[in-house]
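Listed below, chain by chain, are the residues.
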Amino acid sequence: MVETTRIELLVNGERLTADVEPRWSLADVLRHQLGLLGTHVGCEQGVCGACTVLLNGEPARSCLIFAVAVADGVAITTIEGMNRAEGMTPLQTALREHHGLQCGFCTPGMVLTAHALLTREPEADEGRIREALSGNLCRCTGYQFIVDAVAAARPAYRKEEP
Amino acid sequence: MAEQAMRPQMMGARVARVEDPRLLTGQARFLDDIQVPGMLELAFVRSPYAAARILDIDTGKARKLPGVHDVLTFSDCPYRLWQRTEYQVGQPALADGGVFYVGEPVVAVVADNRYLAEDAAEAVRITYEPLTPVLEMRAAILEEPRRVHAGAENVFFHRSHRTPGFEQAFADAPLHLTATFRLNRQTAVSIEPRGTAALPDPASGRITVYASTQSPHRMRSDFSEIMEIPEHLLRIVVPEVGGGFGMKANTYPEDLVVVAAAIKLRRPVKWVSDRMESLLADVHARDDIHDVEVAFEPSGRIVAVRDHLMADGGAYPAYPFSGAVGETSLAARVLTGPYHIPHLATEIDCTYSNKMPLGAYRGVWGPVASFIQEGIVDRVARRLAKDPAEVRRVNMIRPEQFPYRNAAGAVYDPGSYGESLERALDLIGYEERRRLQRLARESGRYLGIGISAFVEPTAMASSEAGSIGYEACSLRIEPTGKVTAAMGLGPTGQGHETTMAQVIADQIGVDLQDIVVLHGDTDSAPFGGGTGGSRSGPIGGGAALVAGRQMGERLKTYAAHMLEASFDDIELGNGKAWVTGVPSRSVSIREIAEIAYTDVKRIPPGLPIGLELVARYLPTRSVSFSNGTHIAVVEVDPPTGLVSVIDYAVVNDCGQLINPTIVEGQIHGGVAQGVGAAILEALRYDDDGQLTTTSLMDYLLPQATDVPRMQIAHLVTPADGEGGMKGMGEGSLIASPAAIANAISDALEPFGVLVDTLPVTPRDIIRWTAQSGF
Ligand code: FES
Ligand code: FES
Chain S
1 MVETTRIELL
11 VNGERLTADV
21 EPRWSLADVL
31 RHQLGLLGTH
41 VGCEQGVCGA
51 CTVLLNGEPA
61 RSCLIFAVAV
71 ADGVAITTIE
81 GMNRAEGMTP
91 LQTALREHHG
101 LQCGFCTPGM
111 VLTAHALLTR
121 EPEADEGRIR
131 EALSGNLCRC
141 TGYQFIVDAV
151 AAARPAYRKE
161 EP
Chain Z
1001 MAEQAMRPQM
1011 MGARVARVED
1021 PRLLTGQARF
1031 LDDIQVPGML
1041 ELAFVRSPYA
1051 AARILDIDTG
1061 KARKLPGVHD
1071 VLTFSDCPYR
1081 LWQRTEYQVG
1091 QPALADGGVF
1101 YVGEPVVAVV
1111 ADNRYLAEDA
1121 AEAVRITYEP
1131 LTPVLEMRAA
1141 ILEEPRRVHA
1151 GAENVFFHRS
1161 HRTPGFEQAF
1171 ADAPLHLTAT
1181 FRLNRQTAVS
1191 IEPRGTAALP
1201 DPASGRITVY
1211 ASTQSPHRMR
1221 SDFSEIMEIP
1231 EHLLRIVVPE
1241 VGGGFGMKAN
1251 TYPEDLVVVA
1261 AAIKLRRPVK
1271 WVSDRMESLL
1281 ADVHARDDIH
1291 DVEVAFEPSG
1301 RIVAVRDHLM
1311 ADGGAYPAYP
1321 FSGAVGETSL
1331 AARVLTGPYH
1341 IPHLATEIDC
1351 TYSNKMPLGA
1361 YRGVWGPVAS
1371 FIQEGIVDRV
1381 ARRLAKDPAE
1391 VRRVNMIRPE
1401 QFPYRNAAGA
1411 VYDPGSYGES
1421 LERALDLIGY
1431 EERRRLQRLA
1441 RESGRYLGIG
1451 ISAFVEPTAM
1461 ASSEAGSIGY
1471 EACSLRIEPT
1481 GKVTAAMGLG
1491 PTGQGHETTM
1501 AQVIADQIGV
1511 DLQDIVVLHG
1521 DTDSAPFGGG
1531 TGGSRSGPIG
1541 GGAALVAGRQ
1551 MGERLKTYAA
1561 HMLEASFDDI
1571 ELGNGKAWVT
1581 GVPSRSVSIR
1591 EIAEIAYTDV
1601 KRIPPGLPIG
1611 LELVARYLPT
1621 RSVSFSNGTH
1631 IAVVEVDPPT
1641 GLVSVIDYAV
1651 VNDCGQLINP
1661 TIVEGQIHGG
1671 VAQGVGAAIL
1681 EALRYDDDGQ
1691 LTTTSLMDYL
1701 LPQATDVPRM
1711 QIAHLVTPAD
1721 GEGGMKGMGE
1731 GSLIASPAAI
1741 ANAISDALEP
1751 FGVLVDTLPV
1761 TPRDIIRWTA
1771 QSGF
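One line per chain: the protein sequences are S and Z, in this order.
Under the numbering used here, the first residue of the first sequence carries the number 1, and numbering increases by one thereafter.
Under the numbering used here, the first residue of the second sequence carries the number 1001, and numbering increases by one thereafter.
Hints were generated in silico from the structure; no laboratory data involved.
Positions of the beta carbon are idealized from the N, C-alpha and C atoms, including for glycine.
Each hint should be verified, as a subset may be incorrect.
[Stated by the list, open to error] For each label pair, taking beta carbons as the anchor points, the in silico distance ranges come out as:
#, chain 1, residue 1, chain 2, residue 2, range
1, S, Glu-121, Z, Gly-1409, 56 to 64 Å
2, S, Gly-87, Z, Asp-1637, 27 to 35 Å
3, Z, Pro-1037, S, Arg-6, 30 to 38 Å
4, Z, Pro-1130, S, Gly-13, 52 to 60 Å
5, S, Gly-13, Z, Pro-1037, 22 to 30 Å
[Claimed, not checked] Non-contacting residues of chain Z with respect to chain S, defined by C-beta distances greater than 12 Å in every case (computed):
#, residue
6, Asp-1058
7, Arg-1616
8, Gly-1752
[Said to hold, decoys possible] Here are a few chain S residues that face chain Z, going by a calculated C-beta distance under 10 Å:
#, residue
9, Gly-38
10, Val-41
11, Gly-57
12, Asn-83
13, Leu-95
14, Cys-103
15, Val-111
16, Glu-131
17, Phe-145
18, Val-147
Pulled out of the complex, with its shape left as it was, chain S reads as follows (with noise of 0.2 Å):
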């Protein structure tokens, strides 16, 4: 068999170890040796946005960087690390009401990525939101409803602000 390395991962808050090969994309270590399958694969090429997380709060490709090179302390943000333990955050809850979504296949990316938006530009406008949002492709909605819901909770944002 193929020599595996172990790493430590800090992914949603916690501390989760797991035995690697060296050419394994975070995406595959992610959904494949930790579970957390809310990652989505869709090109593996960089292209599609679908496996976003976030690596110390900036939107990141999963499928682009090999688990170990990952470096030490490195906090990772997945689909799962968003959920509020009441349930779905004001972003989530924003994407529902204004259908955002319909296979849900990009949705994941989605919601890391404007969250990152939002985070750092609770004002980002209809232009602002678009360019953010121009790196994770969504074949089903049109992005229009997408676009509408990203707005919605830009006031959930500011309210975050100190």
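With chain S's structure known, arrange chain Z with the ligands on it following the hints.
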């Protein structure tokens, strides 16, 4: 009033989807999320040649690699799609002595995981003797440079049709024009790739196949027929499906191989396509050429259209639906669109080639027919120097002409043809746009307005989902009064769990959250047709409605008996049945259910034990036509060749709406795909038959910044079937490529441009505008 308030109308309400929470929180389970202990993964070795004989396959080295369980060739999986007689050739599950397109599955490797399976796939040695590939459609039709399959003519489907008196009418018309239209290959590109997992159950001898498919029952029949597995030993389960758009309606060679491998190894086996495989080997669509001649009058009235429709079907007819046949034969039936064009002559040739088979992609024939028909109308307008809106008015089918039989014999049920055009012109502010366009031109900017009026044949007796014309719904009220419905649909994001529950809720008077709609599991769902051809709303919804109504009648019979009232005085709502005008004389559905299942002595005479039934709904019409108008506004930048779609209006009439928000979502998605179809997406084969667009960096999908904000208005001309619904899943992609193409033509009118090829690329625009001497 009080009683009305007790009965919220779910039909037509903009309710949020029950599917969403699991999808939004990463808890939904798609095909690649199916993992069971001992599961093996499969990888394919695919043909690197467009056409070649296979001289030798050496799997020795691959078999010895770590973690490899088996290496399969055709002899391990000796099945062919299309064993029936419709076409002379059927694709083998794995190549049988030769390869016919790049990407054709040749060998399958089964290993502990996908990484190891791919390592071993690379170690398989295959010796090929390359042949001259057949790649050019017109030449292929003439059997040049050779036959694709030695034993079969290249033209595998030919048909012609001509209205009586065509030649005379054509010749008598004072004006004529000719045009050739070309649609380049495109494909659906669901963001979730295709995949299949097969799990044999040694205890029962059954096999469960998880499949990312739109037609679970059809797929079960396919495995049963092709692989001779008794149908009752097969279970198809469709997990969450990340988009299908017609492409997941087929049964593919890969599906057969996964099932054969699982049976052979007696282990669970899974295969999930990677993106390169998807672009190579998901069915392609839209490889068509149309040679068109049009006869018309100075008024703009179009008298006759002649069209030679050609489609490149690829190496094999896709199973069970050849996209080439669908795109041509059905395009020929709706080629006159919403216009009263009395004469039509069509001739169809579908040819084999050394490319991926053509299958279904949303709209199938619709985007093709619409591109031709709207292109014709704009050419007539251009020639006569008339406003394109005016030429549409002149030709539009008038309300008093319904039911309208078009020149190909298709019968349109009533729609809002002229009205949708006028509403769309209002919505976009047509006259004002024309004024702004003139102003912009003066300052060297090229704005264009493109109109596309469309018809959408829906709810057809047969479609890419199969030829089952009905849909079925089983409905069970559980002993506690909760409701379980099961249907044979294969949703891929359309929200059927919500819309079907809306339909049922009104009929039996329970809250939406008390209904669960199961689908996509052949063990729980009654036999039905599946999802495709915009049939789930009208036919599936019709079945849900009939089942709900029958259950509602049973509940009323109970209530009438228990409340000592007459059946006709019972109303249902809010989980209760009560006597009209006396809300206090009521019984809850839960109480009725208790009697039905446990206190059975109290069941009213003549009713069976339990609250369970199956209803099937077969519409009386074999097709129902939705309609509407799209208008696109674009700006074209000649120096860079870039097109931006800056505004967009849609007026849509799909009869009665179950959930307008979901309808609008479908429209948005289809228009976005139309942006791709019009200006971005093309699968390109080079002169050797190599597909050069094998990543999403080469095959460009519309991004959030490419798609305009759309305004939508609904018109409602109810269908005469159950519930009055018409289908609507495809109209948006039927109309939008033509709208955008026409807008580009309109923008570049000063250069004499009339778009005849999709997609329009920046290179095309630079070439057209640089040459014209402006
Ligand atoms: S799967 Fe990572 S970008 Fe598509
Ligand atoms: S909802 Fe299907 S890809 Fe976005």
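Do the hints match the structure? See the list:
no., hint, result
1, Glu-121(S) - Gly-1409(Z): 56 to 64 Å, "holds (58 Å)"
2, Gly-87(S) - Asp-1637(Z): 27 to 35 Å, "violated (47 Å)"
3, Pro-1037(Z) - Arg-6(S): 30 to 38 Å, "violated (22 Å)"
4, Pro-1130(Z) - Gly-13(S): 52 to 60 Å, "holds (56 Å)"
5, Gly-13(S) - Pro-1037(Z): 22 to 30 Å, "holds (29 Å)"
6, Asp-1058, "holds (23 Å)"
7, Arg-1616, "holds (27 Å)"
8, Gly-1752, "holds (32 Å)"
9, Gly-38, "holds (2 Å)"
10, Val-41, "holds (7 Å)"
11, Gly-57, "violated (18 Å)"
12, Asn-83, "holds (5 Å)"
13, Leu-95, "holds (6 Å)"
14, Cys-103, "holds (3 Å)"
15, Val-111, "holds (7 Å)"
16, Glu-131, "holds (6 Å)"
17, Phe-145, "holds (6 Å)"
18, Val-147, "holds (7 Å)"
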